[in-house]
Amino acid sequence: MKTIHTSQIIDTVEKLCIDANVYLNHDIRDALIKAQSLEESEGAKSILQSLVENAEIAAREGMAICQDTGMAIVFVTIGQDVSIIGGSLTEAIQEGVRRGYKKGYLRSSIVGDPLIRKNTGDNTPAVIHYDMVEGDQLKIEVAPKGFGSENMGALKMLKPSDGIEGVRRFVVETVSNAGPNPCPPIVVGVGIGGSMEKCALLAKKALLRPVGSENPRKHLAELEKQLLDEINQLGIGPAGLGGRVTALGVMVEAYPTHIAGLPVAVNISCHVTRHRSAVL
Amino acid sequence: MAIHLRAPIIDQELLHKLKAGDEVLISGTIFTGRDAAHKRMIEMIGKGEPLPFDIRGQIIYYVGPCPAPPGKVIGSAGPTTSGRMDAYAPTLIEMGLKGMIGKGARSREVVDAIRQHGAVYFGATGGAAALIASCIKKVEVIAFEDLGTEAIRKLEVENMPCTVIIDTQGNDLYVIGRARYERKAGG
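Sequence order for the protein chains is A and B. Okay, so the first sequence: first residue is 1 according to the working numbering, each after it adds one. Okay, so the second sequence: first residue is 1001 according to the working numbering, each after it adds one.
With the rest of the complex left out, here is chain A (with noise of 0.2 Å):
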């Protein structure tokens, strides 16, 4: 048995809030990179140039790389051998949201009630996933999500007989309809299986993956693939102003379904998809 004080807690999530924030993660910007060798106008090139430009200003200053600094998604894997201590696990994750976006200087996004929608001045709450695993460690990764990206994503209960072409056929229309919107070029996270929630969840965590990452197994490796390149014909180019690169990459999670269904939901992050993790 392992024992975390909640004070530990609040002081890693406080640290991960601000450096998901401001230091664009190496897998992102060597894509962005690789990118500028795929576009052939001098405007795409400078658009992604000028996004490399713009993560090396963020880090040099300490500022937010983009000014959606997110909902805080928190997703946490505890093992079932450590013991909490010095309060509620979840109030701390709350707390440490709430101390890393004012000390970070990142915008407050969130309103308290989606209808009446008043701004809680503080970023929270966060969203929390939980997962239990066996052993003594503690993982914690933030994931702030900007919704210019979140409010393209969808889902639909496909039937058995749509098969994978049907999969595919929704995920790039999604992109397609999402157009300039979501800060392309994308990341595309696509869940496919479970429930209806449970594929919106595996959408999220593909989006946790390394770009570029393919799945172990090698049907979805290869729907990974084709996704990619189809995306990419869409024409719809850094900015959306046109070009060869609309997504840097597409991760595809599944999971066992049911006889009668074929979920599949898809989540779109933008240019910055920010992540970062810690283990206690």
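Warning: the hint list may mix true and false statements.
[What the hints assert, rightly or not] Okay, the calculated bits of chain B under chain A, using three or more residues with CB under 8 Å as the criterion:
1) 1025-1034
2) 1051-1059
3) 1064-1073
4) 1100-1106
5) 1147-1154
6) 1169-1181
Source of the hints: derived by calculation from the structure; they are not laboratory data. Beta carbons are placed, not taken as given, at the ideal position from N, Cα and C, and that holds for glycine.
Fit chain B to the known structure of chain A by using the hints.
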């Protein structure tokens, strides 16, 4: 070569010369406004109240900036998705709004209003928020302070880089640019 444009728009002739795809550098005074501020402005118009600023000839930047860190006038300040303002924009364009800066597609109604009243929709690069913040020299909250990041701010900008997305003729760069690179084969 980028075209220099002063805000508010005095040179209506120059505005009419801008073509979808032109790169511009905007300098002068612009106003911020996004979802909640637009909703309030439209409510004020409905009640016959004056708007917080004279909208004639102005440019509105769809942005909700990050708080200013010490020593800076503003935090990161990139564009938000413009489509959410589509329900409100035609009314403001009819009243004399000449420019909007944002990102993402506009509705048919907005394009029609742009064409009818000779306005322009500019795109700023979504996500280039720290870069854009460096073009903002002065910031003053002028209305709806209770809305936090969504308050209306008067900004002094210098050489803010934008692209003409929809020109006064209604040409739309998102449509033109995408068609240039779209590969229809494969299906």
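Status of each hint after checking the structure:
1. 1025-1034: violated (count 0)
2. 1051-1059: Check failed, 0 qualifying residues.
3. 1064-1073: holds (count 7)
4. 1100-1106: With 3 residues in contact (Cβ-Cβ under 8 Å with chain A), the coverage given for the segment 1100-1106 of chain B holds.
5. 1147-1154: As far as the segment 1147-1154 of chain B goes, the hint holds, because 4 residues have Cβ atoms under 8 Å from chain A.
6. 1169-1181: holds (count 8)
In summary, the structure is inconsistent with hints 1, 2 from the numbered list given earlier, while agreeing with the others.
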